[in-house]
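K.L.:
Chains as they are written, first to last, in the working numbering: chain A, 2 to 349; chain B, 130 to 425.
Think of the hints as simulated: they come from the structure by calculation, not from any bench.
Among the clues, some could well be false.
Unchecked claim - Facing chain B, a subset of chain A residues (Cβ under 8 Å, in silico):
{"#": "1", "residue": "Ser70"}
{"#": "2", "residue": "Ile73"}
{"#": "3", "residue": "Ile80"}
{"#": "4", "residue": "Leu120"}
{"#": "5", "residue": "Ser138"}
What the hints assert, rightly or not - Examples of chain A residues lying across from chain B (beta carbon under 7 Å, computed):
{"#": "6", "residue": "Asn77"}
{"#": "7", "residue": "Arg78"}
{"#": "8", "residue": "Arg107"}
{"#": "9", "residue": "Met112"}
{"#": "10", "residue": "Ala118"}
{"#": "11", "residue": "Leu256"}
{"#": "12", "residue": "Tyr262"}
{"#": "13", "residue": "Arg272"}
Said to hold, decoys possible - Ranges of calculated distance between the beta carbons of each label pair, as one might list FRET restraints:
{"#": "14", "chain 1": "B", "residue 1": "Ser257", "chain 2": "A", "residue 2": "Arg92", "range": "30 to 36 Å"}
{"#": "15", "chain 1": "B", "residue 1": "Pro275", "chain 2": "A", "residue 2": "Asp198", "range": "25 to 31 Å"}
{"#": "16", "chain 1": "A", "residue 1": "Ile24", "chain 2": "B", "residue 2": "Leu316", "range": "33 to 39 Å"}
Here a beta-carbon is modelled for each residue, glycine too, at the ideal position from N, C-alpha and C.
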Amino acid sequence: MSEIKVKIKNLYKIFGANPASMISHIRNGTSKQTLLDEHGHVLGLNDVSLDIAAGGVQVIMGLSGSGKSTLIRHFNRLIEPTAGEIIVDGRNVIEMGKNELRDFRRFRASMVFQKFALLPHRTITDNVAYGLVIQSSAKDEIHERSQKWIDRVGLTGFESYYPAQLSGGMQQRVGLARALATDAEILLMDEAFSALDPLIREEMQDVLLGLQEELKKTIVFITHDLDEALRIGDRIAILRDGTIVQTGSPQDIILNPADDYVTDFTKNINRGRVLQVAAIMDDKTSENGPKIERDMVIEDALQVLSKADATTAIVTHNAKPVGSVDLNTIIAALTRPIDDSGRTGSYT
Amino acid sequence: MDFLDEFPTMDRQELRELKKAIDLGFRNFSRAYGDALETFFEPLLYFMVWLEKLLIITPWPIIILIMAGLAWLGARSWLAVAGTVASFFVIGYFGMWEDTMATLAIISVATLVCIVVGIPLGIWMARSDRVQTLITPVLDVMQTIPSFVYLIPVVMLLGIGKVPGLLAVCIYAVPPIVRLTNLGIRLVDKEVLEAADAFGANYRQKLFDVQVPLALPNIFAGVNQTIMMSLAMVVIASMIGVKGLGVPVLRAISNQYLALGLMNGLAIVALAIIFDRISQNFGKRLQKHREGGHDV
Ligand SMILES: Nc1ncnc2c1ncn2[C@@H]1O[C@H](COP(=O)(O)OP(=O)(O)OP(=O)(O)O)[C@@H](O)[C@H]1O
Ligand SMILES: [Mg+2]
Numbered sequence: 002m003s004e005i006k007v008k009i010k011n012l013y014k015i016f017g018a019n020p021a022s023m024i025s026h027i028r029n030g031t032s033k034q035t036l037l038d039e040h041g042h043v044l045g046l047n048d049v050s051l052d053i054a055a056g057g058v059q060v061i062m063g064l065s066g067s068g069k070s071t072l073i074r075h076f077n078r079l080i081e082p083t084a085g086e087i088i089v090d091g092r093n094v095i096e097m098g099k100n101e102l103r104d105f106r107r108f109r110a111s112m113v114f115q116k117f118a119l120l121p122h123r124t125i126t127d128n129v130a131y132g133l134v135i136q137s138s139a140k141d142e143i144h145e146r147s148q149k150w151i152d153r154v155g156l157t158g159f160e161s162y163y164p165a166q167l168s169g170g171m172q173q174r175v176g177l178a179r180a181l182a183t184d185a186e187i188l189l190m191d192e193a194f195s196a197l198d199p200l201i202r203e204e205m206q207d208v209l210l211g212l213q214e215e216l217k218k219t220i221v222f223i224t225h226d227l228d229e230a231l232r233i234g235d236r237i238a239i240l241r242d243g244t245i246v247q248t249g250s251p252q253d254i255i256l257n258p259a260d261d262y263v264t265d266f267t268k269n270i271n272r273g274r275v276l277q278v279a280a281i282m283d284d285k286t287s288e289n290g291p292k293i294e295r296d297m298v299i300e301d302a303l304q305v306l307s308k309a310d311a312t313t314a315i316v317t318h319n320a321k322p323v324g325s326v327d328l329n330t331i332i333a334a335l336t337r338p339i340d341d342s343g344r345t346g347s348y349t
Numbered sequence: 130m131d132f133l134d135e136f137p138t139m140d141r142q143e144l145r146e147l148k149k150a151i152d153l154g155f156r157n158f159s160r161a162y163g164d165a166l167e168t169f170f171e172p173l174l175y176f177m178v179w180l181e182k183l184l185i186i187t188p189w190p191i192i193i194l195i196m197a198g199l200a201w202l203g204a205r206s207w208l209a210v211a212g213t214v215a216s217f218f219v220i221g222y223f224g225m226w227e228d229t230m231a232t233l234a235i236i237s238v239a240t241l242v243c244i245v246v247g248i249p250l251g252i253w254m255a256r257s258d259r260v261q262t263l264i265t266p267v268l269d270v271m272q273t274i275p276s277f278v279y280l281i282p283v284v285m286l287l288g289i290g291k292v293p294g295l296l297a298v299c300i301y302a303v304p305p306i307v308r309l310t311n312l313g314i315r316l317v318d319k320e321v322l323e324a325a326d327a328f329g330a331n332y333r334q335k336l337f338d339v340q341v342p343l344a345l346p347n348i349f350a351g352v353n354q355t356i357m358m359s360l361a362m363v364v365i366a367s368m369i370g371v372k373g374l375g376v377p378v379l380r381a382i383s384n385q386y387l388a389l390g391l392m393n394g395l396a397i398v399a400l401a402i403i404f405d406r407i408s409q410n411f412g413k414r415l416q417k418h419r420e421g422g423h424d425v
């Protein structure tokens, strides 16, 4: 998890007639609204810097219009930045020429889309094979690899169907298979599951997590749903008006929201089922009490404690004690911080 | 006041000089380039003559069989096949077979020329807004200017015959296919196109794997209209020497032969209906795969 796969450095994107001339305004602190009202330009991204570790899932969150789609489209340069660098394996994508960029898109970064974006006139097999055909792989290889991925995403038997004949969830499986088939190390997913029903969405998250366990791709995953972010993200970055306001692990974001905007996001989640003991434990181990693994969520820890009729538990990692946690700490972690309206949140 | 009562016109003498100058200019142009143009169009002429002869010497049962086959391939309906066969029997029975074959020949060649010229033009228009704003008014003029007006320069350039007739038909019939190709490509789902970009498709791959196939239903609507419009031009084309069903219609007009005019006119209508149904249903079938249909 230490090696950096993608490094975004001071990325700016401004939409409008003369974006380059607007950079200085933004650097001087002009707000998104002022830029629009007084200069007629839309601020898309404002000085975004982000390091993305190889083999992990980087989630990017934010409200509608915060610039999520704009940001992810910079990774493979579907959108040209106004300023900044995107460095993948040491090479700046922004400096790539036409052919190098094309090969980058063909072999090294593939994408899954919110509205699936399948070819409606092609069968499932041909859709999954699309990236391979563009790579101009050999015929047998195309066939073999697309079949493999159709099987892996659970669409065996639907090879000769057309996308319109499948449900949304199945169509997105096709989208996922199409992206995985090219063997690219980077997978870009723009609200890939947002168009699906909650149940199907969870199913797809499981599919993705199952595959990721084995594939270890570098995944950039956009969502506006915190539950989804917590489920699949190794790291989360929160975007607001084109600026990254916080990055961190899921536990970090929940326990230490950087500002009201982030607090708003975390307000309604079920903390008991998300927070892990490791995030709140004390490093000193205790003498006695029930043993709990450190990645146990605190709701379950609470149950263990109450069953054992104890107030303190020993936290273990790989069966070795690494710390302790007591009842009060758990209860404090369950209640969310007092918000502006003065209400205290409670465990729901 | 004199000024208000009478529109200020150009001096008559000057106006006459102007018209003369234009006429002379074009006449010189056609003297200089007419022959070259004729040579340029020669292959087209040979093709048209060859097709017409082929249609006429082919035994009539075979033609009817081919037409029935086309109707089946296009429309997939027995009613369409029966209607087609019946129409051709009636046409033949009333002695209009040869004229109908001649008309079929020019319609086919005209449609072919329109496709070959129109689709690339439509694609070019879809690529650039500048090209679109440039070509759209030209298409408007082509569709609205009275056909007789552009017959004059065409005849001055190429004389009377099949090629100028074909040209006149194409000028009238090509706009819809250009327009609908342009429209169809512009309407292609932006997300799908973005996906093609994201997977590294080059221009050619985007055009042939995504844009053209997705625009095909619209393009086909354009082909359909082009066929209809070239049929509508059959009578006018026969004024400048194109053989076919238009010739007897013209004769009927100048001699007030009601029955002759009616029969040939109805034969043109029959052809129009047949081709319309065939091409329209074919176009509809092209987008079958878009219908949902959860047979899962
Ligand atoms: N082509 C464009 N021209 C002008 N403004 C644009 C363009 N694309 C995006 N924007 C603006 O940039 C900002 C960020 O848009 P973006 O689509 O990245 O948001 P998002 O976070 O993906 O939102 P959503 O959740 O709705 O998808 C918005 O204010 C949007 O209006
Ligand atoms: Mg978006």
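K.L.:
Indicate, hint by hint, whether the structure satisfies it.
P.N.:
Checked hints:
no.	hint	result
1	Ser70	10 Å, violated
2	Ile73	10 Å, violated
3	Ile80	10 Å, violated
4	Leu120	6 Å, holds
5	Ser138	13 Å, violated
6	Asn77	6 Å, holds
7	Arg78	9 Å, violated
8	Arg107	4 Å, holds
9	Met112	4 Å, holds
10	Ala118	4 Å, holds
11	Leu256	36 Å, violated
12	Tyr262	29 Å, violated
13	Arg272	36 Å, violated
14	B:Ser257 <-> A:Arg92: 30 to 36 Å	32 Å, holds
15	B:Pro275 <-> A:Asp198: 25 to 31 Å	60 Å, violated
16	A:Ile24 <-> B:Leu316: 33 to 39 Å	36 Å, holds
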